[in-house]
Amino acid sequence: MRRAEPQPTSGWGNNFHSLGNRVSASSIAELQEIVAKNGSSRGLLPVGLHRSYGDSALNSGGTLIDMVALNQIDIDPLRKSAVVGGGVTIAALERAALKHSLFPPVVPGTGFVTMGGAIAAEIHGKSHHKTGSFSQSVRRIVLLLASGEITHLTPADPQFWATVGGLGLTGIILEVEIALRELQSNAVDVTEYRVKNLTSMIDLLIRSDNEFEHTVAWIDLSGDYRGRGVVSLGNYGATPVKIGAKDSKGPSIPSVAGLNFITPLSVKAFNEIWYRKPLKTGPVSLPKYMHPLDGIHNWNRIYGDAGFLQYQFVIDVGQEEIFEKLFAGLRGLKAASFLGVLKKFGAASQAPLSFPRPGWTLTLDYSMSVPGLEKFLREFDQELVSRGGRIYLIKDSRVEAGLLPAMYPELNRWREIRMAMDPNQLWQSDQARRLHLC
Amino acid sequence: MLNGFKSIGRLALIGSGSEIGQALVTKLVADNSPEVILIGRDGDFGLDITNKAAREGLVNQLFGKGDLDLAIIAVGVLGNNSAKSEIENLLDAMDVNYLGTVHLLALIAERMQVQAHGTILVISSFAQVRPRNDNFAYGSTKAGLDFYARGLAAKLRGTGVEVKILRPGFVKSKMTAGMTVAPFAITTEECATFAMKALKSKKTVTWAPSLLKYVAVVFATMPAALFRKISQR
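As you go down the protein sequences, you meet chains D and G in turn. Numbered per this note's numbering, the first sequence spans residues 10 to 447. Numbered per this note's numbering, the second sequence spans residues -1 to 231.
Rather than coming from a laboratory, the hints here were simulated on the basis of the structure. Heads up, a few of these hints could be off.
Straight-line Cα separation of at most 20 Å, PhoX-like style, residue types lysine-lysine; simulated pairs [stated by the list, open to error]:
{"no.": "1", "chain 1": "G", "residue 1": "K195", "chain 2": "G", "residue 2": "K172"}
{"no.": "2", "chain 1": "D", "residue 1": "K384", "chain 2": "G", "residue 2": "K198"}
{"no.": "3", "chain 1": "D", "residue 1": "K251", "chain 2": "D", "residue 2": "K297"}
{"no.": "4", "chain 1": "G", "residue 1": "K201", "chain 2": "D", "residue 2": "K384"}
{"no.": "5", "chain 1": "D", "residue 1": "K289", "chain 2": "D", "residue 2": "K205"}
{"no.": "6", "chain 1": "D", "residue 1": "K384", "chain 2": "G", "residue 2": "K211"}
{"no.": "7", "chain 1": "D", "residue 1": "K205", "chain 2": "D", "residue 2": "K384"}
{"no.": "8", "chain 1": "D", "residue 1": "K297", "chain 2": "D", "residue 2": "K108"}
{"no.": "9", "chain 1": "G", "residue 1": "K201", "chain 2": "G", "residue 2": "K211"}
Pulled a few chain D residues facing chain G out of the computed Cβ check, cut under 10 Å [claimed, not checked]:
{"no.": "10", "residue": "N47"}
{"no.": "11", "residue": "Q145"}
{"no.": "12", "residue": "V293"}
{"no.": "13", "residue": "S294"}
Ideal placement from N, C-alpha and C gives every residue a C-beta, glycine not left out.
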């Protein structure tokens, strides 16, 4: 077990600077010792690679338990499943599974997420309309409870569903059994379309749902904010591609005096180039298709010292009107998003705090320094809630706690299950404090 | 907890009767809706600041219900109650402005260190710059408080906890009603604007108005004979 001096930790958005202790453990026995010996009122929080955007993986004054050393992977090709440690990353699991022509059915936009993180955030990917979210491929979770006990949870247990989307507040995910799907190759056959506005984009996504396992649209929210963009559709392919070194090791963004390079002008120029770029058709390697941004390490640094936030919400089909209100507001703020992603979700999972549910999900990135952004998003949240929508907690750094029961009607059920699992509040996070989750 | 915009989630005003404190809270809630806890005679909790057990009880209550992002310490008496003797007024000012306030400051700092975050705003005074015949008793208590707060701010560097000191000059309020208005006088509203500046500043000390920083240098270094002449006016 290694202990480090308290040092400021941030989420991926670099907009929080939290001081906590950090320990890393490489065995279950060490983790049990950490749990047994915690004497601080500020509690513990298991963490992975800090890809949550806000304060979900921060614990001011408490202790973060670095889980990445729990990285064993066992693939069972016959049962088409994997038993993996809580610290194993999606990227590592993909690499190991691909050797057996297998692949996790649900992967997020980045491969730099641990199994513990994927479950705690109940992540989703471009396949959500077909496969649901991450928990749909999880057969078993081995969880270290606050009492020091180790429990094996399956989808038949309410504690399983409290842990799914539970933001790390139910215990330490030691091991996970994941169902894998068989593949014919390591590639996705991709088709891309350029669309002139939001209506065409929505239309194309709806029409493509049945035919394609992977659907996602990149949306340009700069310039005239009409919602032009590129729709990307894909199916697992039959033709293998060579995975070059380029897929695993890419350039890094240096921090240039903490400056923010995301200005309306640079975004407009970038989005213009992106929109005009040649469309992809044909086979693309799985890692490259699934995790396009992983090629550039620390891309979050382009926002400089002020940091940024990611705003992701879901709204029912039929409520598309809200997009116009959003775009008008953003145009008014002159807030340009470098990355806007629109996706149609499929069925929800039964986890009380799971974010995805049928409807449209839109994801936007904004620098914290956009004047008026905080107020605008606060007002937009009200509009969102009045239309039955909700935001994704793993991306959040600013929602009002009072809106959560409306966004997550099963919040109290989650609280009850969680409280029974951790009556002394051992598991704590800054987000849980900020939003009065526990 | 602060959010990603650094907006306050929960704050306490200790000295809910303070007009500077009230004006500051009004500014702090204008853009957000933090939880505000008012402590004082008309507040959510009462507090006899001269009572040690009351101070300890208050801090337990404050921190027992969640993290505190900001504590504004705006308690203080001038010690000019005409019904009391000079000595009694001196004891009052010492008990409230120094003993009570410094103890409270230390208790809050201790709890914020456990949180590893939080800001304490201390309202000091221009009166602590140099003793004047008409207010040196009051000034001495503020000088003591100011001195302790500066030391605490330095000690807490790197812990996530910050102490900010506001040094107002003459502020036109109920507290100074009937007194001769001094040069560089400001309203409570203006003073609150400087308090906002203090909270955002990287520096420990903020003067209200800012010009007082230079006036203080002149005051402090002036020959005694000249100072006597000026302060007698």
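Hint check results:
| no. | hint | in the structure |
| --- | --- | --- |
| 1 | G/K195 - G/K172 | 23 Å, violated |
| 2 | D/K384 - G/K198 | 19 Å, holds |
| 3 | D/K251 - D/K297 | 11 Å, holds |
| 4 | G/K201 - D/K384 | 28 Å, violated |
| 5 | D/K289 - D/K205 | 17 Å, holds |
| 6 | D/K384 - G/K211 | 35 Å, violated |
| 7 | D/K205 - D/K384 | 30 Å, violated |
| 8 | D/K297 - D/K108 | 17 Å, holds |
| 9 | G/K201 - G/K211 | 13 Å, holds |
| 10 | N47 | 14 Å, violated |
| 11 | Q145 | 31 Å, violated |
| 12 | V293 | 34 Å, violated |
| 13 | S294 | 35 Å, violated |
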